[in-house]
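Those protein sequences? They're chains V and E, same order as listed. Under my numbering, the first residue of the first sequence is numbered 1, with each subsequent residue one higher. Under my numbering, the first residue of the second sequence is numbered 407, with each subsequent residue one higher.
Just so you know, these hints were derived from the structure itself, not from any lab. Be aware that one or more of the hints could be misleading.
[To be verified] Going by beta-carbon spacing under 7 Å, a handful of chain E positions derived as facing chain V:
| # | residue |
| --- | --- |
| 1 | LEU464 |
| 2 | ARG466 |
| 3 | THR468 |
| 4 | ASP485 |
| 5 | ALA486 |
| 6 | ARG491 |
| 7 | PHE497 |
| 8 | THR509 |
| 9 | LEU516 |
| 10 | PRO517 |
| 11 | ILE519 |
| 12 | TYR520 |
| 13 | HIS610 |
Backbone N, C-alpha and C fix where the C-beta goes; we use that ideal spot for every residue, glycine too.
Here is how the chains run, residue by residue.
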Amino acid sequence: MISFTQTLRLALSALIRNRSRSLLTMLGVVIGVAAVIVTVALGTGAKTSVANQINGLGSNLIVVMPGSVQTSGARTGNGGASTLTVADGLAIAKLQGVGSVSPSVNVRTQIVANGQNWQTAATGVAPTFTAVRSWDVASGRFFTQSETDDAAKVVVLGQTVVSALFPDGSSPVGRTVLIKGVPFTVIGTMIAKGQSGGGQDQDDTALIPYTSALERLTGGTTIGSLLVSAVDADHIASVQTQITGLLEQRHGIVGAKSDDFQVRNLQDIAAAASSTASILALLLAAVAGVSLVVGGIGIMNIMLVSVTERTREIGLRVALGARGAAILRQFLIEAVLLSTGGGAIGVVLGVAGAAAIVVFAHWPATVPVTAVLLALAFSAAVGVFFGYWPARKAAALDPIRALRFE
Amino acid sequence: MTPVVEVRTLRKVYSIEGGEDVVALRGVDLTIDPGEFVAVMGPSGSGKSTFMHIVGLLDRPTSGAYYFAGHEVSALGADALADLRSRALGFVFQAYNLLPRTTAIENVELPMIYAGVPAATRHRAAMDALDAVGLAKYAQHQPNQLSGGQQQRVAIARSIVNQPQLILADEPTGALDTVSSEDVMTLFRRLNAERGMTVMLVTHEPDVAAHARRLVTFRDGSIVSDEAVREKVLA
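This is chain V alone, in the form it adopts within the complex:
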């Protein structure tokens, strides 16, 4: 009986004897595996960056927004109602499992300083904002509770605003900016945070005490939204339920009347965003997987041709004492070598391709080890699956006819 290593050698030398054909046969699997690796790398990269962006919004963040209201039959969209108040925020802060709460009052306005002007969102928040959003100052300081109580005219600028107003690179801290015509003193700047999951520039903002925003800019009492952080991820759901109950009670919503607010947590948004990314990645990988199967069919074709072409060789091997099983194994191993060889080359090309995309297109891409192992295992399986039939054909040849085959 011939050993496995010997059969492997026979298969290998048969493939080497037909070098160029073997390489061409592998090409289908090479392309398939490379495509799978690149798409999975891009999909994983996209998922990671979505997750990072969402985590960057603040850990365990819950956002309470005004809901839709109906005025004489015309309904505003979500957020159109002006129903949330600072008092709501203070009540929420007392709930169990709540870390910190910050109101958020958005005022879209022109901001002027240093001979430059820029339209941005002046956002009125509480000193707790840095904790709620896990976002720190880069220079200077954030405003204090007493400045908030006094509705002080102090502002902390986001980096986009800093570079728009102070393109010369000078420090804005201590300078005065005009927000909606009102002079504010810059006391700090925020760390650059980049784009949000929704593609918004989070650094395009000027943070002021919410009291200042209400008294000096909007002149109202209602706030845009409440940012609430739960103490940890396990408390998100219970805090959400409590907020809903509390606000329904405070807003007098009973029975079938619909809530005039909505409570959303970022984990849900994160999950939705990352599942979208996953589905996309899966679709791409499926398309790439199809090309891998096509590669396998290519191998089967060539193996079938090869069996016919090598009929005499097979007859000779049988005459020299090869058992049917030895012939079957040799051809099966040849197919598996072709497919896994192609798979290995494909992995190398795919990793290189993913790296090239990172370098040249600046897209995030990471190649998961599991994807590499799966691609290799799958290409080996392709070899076994598509190699079996030709190998069976080879083993079943009648040696007498095979030897006479022209």
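The hints should help you fit chain E onto chain V, whose structure is shown.
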């Protein structure tokens, strides 16, 4: 002395679908003793090829008995026959059937791979066999770098490398010119005379058959003559 080959009333019938059965062998009796050099002749369709395939364990008789080295083999399974072929038989074909793009020595090693001979022994035995056919210095040549006669001698080296009990040669000179044919036949005679190798040769050329020491003639599936060949002086 146990005969290498002993067949009794060997019959082979090919059933053809939708047609009459073709009787290729109609009760053949033959005994080949160790050290014999037998030529089998006969026109096409005489049954000589069928006989050769059965003797070579590539085919099974429809009825009758076949004792190979004293053992009944006509009922053995495919794997047992394959193992017996690799150990006890050597084949030489008309078309050489060397693996292309493979060196002479690797070609000669092939039967030993299937017989499970360890690599170290294989190389030495293959060199010995190539030496026996006078091609030791061509060990690293590939078939397309060798003449037809040289290729056939590599094939003969391959057939003797496992020290088989019987060498079967199927029209070994059919593709060769006269000079190469003489070389190859001289080689067979030498292997038979010097090493005592048992050879059965199928041919339709009387010149070639004349190198053997015994001539068996087939016609219509039966042996019509079985006679000693007049001794020829070794060239």
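Here is what the structure says about each hint:
Restraint check, E:LEU464 versus chain V: the minimum CB separation of about 5 Å is within 7 Å; hint holds. Nearest Cβ of chain V to the Cβ of E:ARG466: about 11 Å, over the 7 Å cut. The hint is violated. Hint on E:THR468 is violated. Least Cβ distance to chain V is approximately 15 Å, over the 7 Å limit. Checking E:ASP485 against chain V by beta carbon gives a least distance of about 5 Å; that is within 7 Å, so the hint holds.
The interface hint given for E:ALA486 is violated, since its Cβ lies 9 Å from the closest Cβ of chain V, which is over the 7 Å cut-off. Taken as an interface hint, E:ARG491 checks out: its beta carbon lies about 4 Å from the nearest beta carbon of chain V, inside 7 Å. Proximity of E:PHE497 to chain V holds as hinted, the smallest CB-CB distance being about 5 Å (cut-off 7 Å). Taking 7 Å as the C-beta cut-off, the interface hint given for E:THR509 is violated, the closest approach to chain V being about 10 Å.
Evaluation of the E:LEU516 hint against chain V yields a held restraint, the C-beta minimum of about 6 Å falling below 7 Å. This hint holds: E:PRO517 has a C-beta 5 Å from the nearest C-beta of chain V, less than the 7 Å allowed. This hint holds: E:ILE519 has a C-beta 5 Å from the nearest C-beta of chain V, less than the 7 Å allowed. For the restraint placing E:TYR520 at the interface with chain V, the shortest Cβ-Cβ distance is roughly 4 Å, inside the 7 Å limit, so the hint holds.
Of the supplied interface hints, the one on E:HIS610 is violated, with its beta-carbon coming no nearer than about 16 Å to a beta-carbon of chain V, more than 7 Å.
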